[in-house]
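On the provided structure of chain A, position chain B as indicated by the hints.
Line order of the protein sequences matches chains A and B. First residue of the first sequence? That's 1 in my numbering, and the numbers climb one at a time after it. First residue of the second sequence? That's 1 in my numbering, and the numbers climb one at a time after it.
Source of the hints: derived by calculation from the structure; they are not laboratory data. No experiment lies behind these values; they were computed from the predicted model shown. Treat the hints with care, as some may be off.
Beta-carbon label-pair distances, calculated as ranges [to be verified]:
no., chain 1, residue 1, chain 2, residue 2, range
1, A, K15, B, R59, 43 to 53 Å
2, B, Q79, A, R110, 44 to 54 Å
3, B, L54, A, K71, 39 to 49 Å
4, A, E83, B, D68, 35 to 45 Å
5, A, R110, B, E14, 27 to 37 Å
Don't be surprised by glycine CBs; every beta carbon is placed ideally from N, CA and C.
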Amino acid sequence: EAGVVQSPRYKIIEKKQPVAFWCNPISGHNTLYWYRQNLGQGPELLIRYENEEAVDDSQLPKDRFSAERLKGVDSTLKIQPAELGDSAVYLCASSSSPVSNEQFFGPGTRLTVL
Amino acid sequence: GQSLEQPSEVTAVEGAIVQINCTYQTSGFYGLSWYQQHDGGAPTFLSYNALDGLEETGRFSSFLSRSDSYGYLLLQELQMKDSASYFCAVRPGSISGAGSYQLTFGKGTKLSVIP
Chain A
1 EAGVVQSPRY
11 KIIEKKQPVA
21 FWCNPISGHN
31 TLYWYRQNLG
41 QGPELLIRYE
51 NEEAVDDSQL
61 PKDRFSAERL
71 KGVDSTLKIQ
81 PAELGDSAVY
91 LCASSSSPVS
101 NEQFFGPGTR
111 LTVL
Chain B
1 GQSLEQPSEV
11 TAVEGAIVQI
21 NCTYQTSGFY
31 GLSWYQQHDG
41 GAPTFLSYNA
51 LDGLEETGRF
61 SSFLSRSDSY
71 GYLLLQELQM
81 KDSASYFCAV
91 RPGSISGAGS
101 YQLTFGKGTK
111 LSVIP
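Here chain A stands alone, though its shape is the one from the complex (with noise of 0.2 Å):
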């Protein structure tokens, strides 16, 4: 079975300008999570997803980032523009349901703004 896949693995860009990460979940998880993980840090969830809708999206900064899931199973969170306080590791994770124990994590993409 193939887990979740995540691209870029990396991205370099200069602040100001816009990111975009995508996510493709294991197939049949209908819940989708971004995490935010800095450096030394545990990972810290953006936004949740039931399906297509964002359920849980409290810990977003809806200024800069936004973030679709059209049709309930790939999803891209982007930053526009993007600051140096963004240089992270952004990973997606995905579960079967919303009351799984366990969430299935994406290798991630890691952010540098410089």
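Okay, now just chain B, sitting in the frame of chain A:
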């Protein structure tokens, strides 16, 4: 809000046993999870405790005491490949049920296994 405390670094010898502690403060509590993350890799699920007691999965065991807001991960017969960061994560709860599906992670414990 929620807060979790775990040691930042632990070093242990190959073949030995190591315990990584986690204390938490949450508004409501559903369960405690543990994840392993190798450098540059994805976090992977290790265990979940919702009830008091010890859960064993091979060389790894996890313990929970709800009354003490405390848990630990026990790694036995340490191998070099166990060198990684280990995160405890809580699933908090609220009166309305909002946020109960959200995991809050600790800052992680970097385990170094030496020969």
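Hints, one by one, checked against the model:
Roughly 45 Å separates the CB atoms of A:K15 and B:R59, a value that falls within the hinted 43 to 53 Å. The beta-carbon spacing between B:Q79 and A:R110, approximately 27 Å, falls outside the hinted interval of 44 to 54 Å. The supplied range of 39 to 49 Å is met by B:L54 and A:K71, whose beta-carbon atoms lie about 43 Å from each other. At roughly 41 Å, the beta carbons of A:E83 and B:D68 sit within the given window of 35 to 45 Å.
Between A:R110 and B:E14 the CB atoms are about 30 Å apart, so this pair conforms to the stated range of 27 to 37 Å.
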